[in-house]
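> For the protein sequence lines, the chains are A and B, in the order given. Count the first sequence with full-length UniProt numbering and you get residues 1 to 401, in order. Count the second sequence with full-length UniProt numbering and you get residues 1 to 401, in order.
Hints listed in this document are in silico derivations from the structure and should not be mistaken for laboratory results. Accuracy of the hints is not assured; some may be wrong.
[Said to hold, decoys possible] Derived coverage of chain B by chain A (criterion: at least 3 residues anywhere in the stretch with Cβ under 8 Å from a Cβ of chain A; other residues may be distant):
no., region
1, 67 to 79
2, 125 to 131
3, 134 to 141
4, 182 to 194
All figures in this text were calculated on a predicted structure; none of them were measured in a lab. Virtual Cβ for every residue (Gly too), placed ideally from N, Cα, C.
2 protein chains.
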Amino acid sequence: METINRLKENVEIILPQNGLEEKLEQAKQENRKLIIKLGFDPTAPDLHLGHAVVLKKLKQFQDLGHQIVILVGSFTARIGDPTGKNKSRKPLSADNVQHNAETYLNQLSKIIDIEKAKIVFNSEWLDALSFSEVIQILSKVTVAQLMHRNDFNKRFTENSPIAMHELVYPILQGFDSVRIKADIEMGGTDQLFNCTMGRQLQETFELNPQIVMCMPLLKGLDGKEKMSKSLNNIIGLTDEPNEMFGKTMSIPDSLIEEFLDLTTDFSIEEKRSIREELSEGINPMHIKKRIAKNIITQYHSETEAQNAEAFFINQFQNKNFEQKSFRPVLINKIESVSGMMTLIDLCMKLKQGQTKSAMRRLIESGAVQINLEKVTDSSKNIELKADTKIKIGKRDFYELK
Amino acid sequence: METINRLKENVEIILPQNGLEEKLEQAKQENRKLIIKLGFDPTAPDLHLGHAVVLKKLKQFQDLGHQIVILVGSFTARIGDPTGKNKSRKPLSADNVQHNAETYLNQLSKIIDIEKAKIVFNSEWLDALSFSEVIQILSKVTVAQLMHRNDFNKRFTENSPIAMHELVYPILQGFDSVRIKADIEMGGTDQLFNCTMGRQLQETFELNPQIVMCMPLLKGLDGKEKMSKSLNNIIGLTDEPNEMFGKTMSIPDSLIEEFLDLTTDFSIEEKRSIREELSEGINPMHIKKRIAKNIITQYHSETEAQNAEAFFINQFQNKNFEQKSFRPVLINKIESVSGMMTLIDLCMKLKQGQTKSAMRRLIESGAVQINLEKVTDSSKNIELKADTKIKIGKRDFYELK
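Just chain A, with the same shape it has in the complex:
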C-alpha cells in the first residue's frame, strides 16, 4: 500500500485508473519485471528539472526492480521536418543521433541507474518496415481518433495546415509500444494522447495494453509557461550549483509549492511540514533556499549546496550594499577634468571588456543603479564623488573612493 502511494505520488493521470494496481499484481503473479517505457526525441538533449519529474518517477520503478526501457526516437529524428518549415528540426545523421543519445543518457544517469536500463532505438524496427506493413499499421487507427488530439483538432478547426506525416507520428509511437511490449508508458501530460495510441495498437496486435502514467508539466522560472529550453526558463540538470541556486531563488512565490512537490526529494512528511511553515507566514525566501539546496544536493552534493547558498548570500542577497561586496575605485584614477562624467563613459571605465553599444543596452534595460536608484539615461552626467555606489548588471558592484 505504501509502495502504491509512493508510486502514485504527483502522478497527474493514470489510465486506466486502477491500471497500476493491476499491472503490479500481474507482475507479482507472473514473477516478472514490468516494462516501463520512456520515449525521447534525440534532438534537444539538454535535460532540465521538467524532464526530471518523469525520470524520478521512473527511478522509483527501477528501485522496485522493474525494467526501464529508454526508447530513442531515432527514426523521426533522422527524418527531421520533411516540410523544411521547422528549421529547428533538421534531419540528423546517424552520428548526430548517436551523439545526442549519448549526451542524453549521460544526463539521465544523474537520476536513473543507466546500467540497469535498456536503451533501444526505434529506427531498428521502423526502418525495416515495408510500405505494405506501414499500411497495415495505419489501418488500425481512424482519422477521427487522431483528430481528437488537442493540437490537431485546433489546427484543423483553424484551417492551419497539418501535413499528413504528422498524423503518422503518434501511430509510430504506439507501434513502438507494441514492439517493446511495454506495460507502462510514462510521459508528461502532453504525451497522454500519444501514449494512448500505444494502448490501442497493442490491443489490435493482441497484446495486453500498456497503462499510461502522465506526470504534470513543471512550470519554468517565469511561473507561467512550462519549463522549456526554447523559452529560456529552465534549470538544467547540468547547471552549476551557483546557477541552480540563483535560478531557484528567482522563481515567483506562487511556484514554491509546485517546486516543492516536483523538484525536491523531501519525504511526504517533510513536504507537509514545509507547507505548514508557509501557511504560518514564514518568509518564502527561506523555503526557496531549502528547495535550492535540496535540488543541488540531488544533482551535485550537499557540500556544493552549502557553498552555493553562501555564494548567493554574498553576491546577490547583500543588496543592502554591504561594504564588503563592493569593489573600491579611486576617483583620481578616473580621468575626468570636470569631476563629472556621462553614465555610459563611467560604466565603461568601471567594467571593462564590453562594447559601448552593449553597455548602452544594459543601461537602457534598467540594469544599472546609482546609489540604489536605476538610471536608464546613458548620457546622464554623474558627479564623481566619494561613497557613490554603482551597480552594473547583477554581479558588479563598485564604490567610488
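Put chain B on the given structure of chain A with help from the hints.
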C-alpha cells in the same frame, strides 16, 4: 483545331482548362509523345461500356501517336482491405493480380492497341519505398486537402470512420504520376480528386504537372445509378451480341442521348442527325436498335450486329405471339385426367430441368404469361385447351395443340 475538338468531345472536366492545348503544343515543340496515364485496380476485371468511355478517349490519343500507360494498381490490390471489413477486397496474391491484369488487358485490347501501350505495375516502386521515403511523400500533402475529397468529407462530417491508410491511397496514386512522369491522367469524374493529387505531387517533385481529363460516368441499364458490376446494370465488353442487343433495347428512353454520345462511335454529324430524328418524334426503339448495332459492331462485328437484331426481333419483339416462334405441345402428351392443371405443374411439364422452387419464384416474379396475360399465382388452375399460349421467362414460348 479539329483534333482538339475531337479530343475534347464528351470530356466532362479538363484541369486546367487550357491544359490540353498547352500539352499538345509542348509535345509538338519538344517533338515527343505525351504520356497518358490510366490507372486500374486489378480486383474487378469485368470491363463494361462505362469503362469504355475512358478507353475510347485513350484510343484517340493513341491514334495520334501518343504513349498510353496502363498503370496496374498492384500494390493496393496485394494489400486488400487491411481492416478486413470489406469482404470484397481480400488481399490478392501476386498470381491473382497477374491473372486479373491479363484478363483486363485482354478486354482492353478490344478498344486500344495493347501492343503499343505500356503496362506498368505500381508495386514495382511502391514495394521498394522505405518507411522514411513514405514519410517524405506524405509530408507533401495536408490533412485538410485530403478532407476535400467528397467521400472523406462526408464520412468525417457524419462521424463514420475513415481508417488512416485510406487517406494514404490518393497520395500513392499521385506518386504513381510522379514515377511515370504522366502528362495527362485520365479517369471518370469520380477520379478528379485523386488525379489532382498527381498534379500536386508532381509539382512538389519539380515536374511539370499532369493535366487531368475526366470522362462522364455512364449510367447503367436502370437509367439511375452509374454503370457498375455490383449494381448488375452493365453491358459487358465481352457480352454476347444477343445479350448486348437485348440490354441496349432495355434502357429507358431518357438514357438514349447519353448512350448515343458515350457508347457509340457515330461521327459528330451522325449523332447530330440522330438527335434531330429524335426531336422530330421518331419511335425511340428505332434509335435504340441503331445504337445497339453500333455497339455490337465495335465489340464483335457488323454481321453479328445484324444477326443480333434479327434474333431480337424474332425472340423478344414479336410479342404479338406470331405462330412461327411458338413451340407446339400436344395436350394428350400432358398427363391430366381432369383436363386442368395448376400453373406450376404445367410449367414444370413444359420447361424441364428446373427445380420447383425456382419455377415458383419465376412465376411469382411475373415472368409467366398465359395468352398474353401475366399470372403470378403458381397454384392457379389452368384449363388445358388447344391454342392456349404460354410464355415462360424471356425466351420460352409454348402453344397447346
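> Next, verify each hint and record whether it holds.
Right, here's what the structure says about each hint:
Residue count for the region 67 to 79 of chain B with a Cβ under 8 Å from a Cβ of chain A: 3. That meets the three needed, and the coverage hint holds. Given as covered by chain A, the region 125 to 131 of chain B passes the check, having 5 residues with a CB less than 8 Å from a CB of that chain where 3 are the minimum. Here the region 134 to 141 of chain B counts 7 residues with a CB under 8 Å from a CB of chain A, which clears the bar of 3, and the coverage holds. For the region 182 to 194 of chain B, the stated coverage by chain A is violated: 0 residues have a C-beta nearer than 8 Å to a C-beta of that chain, whereas at least 3 were required.
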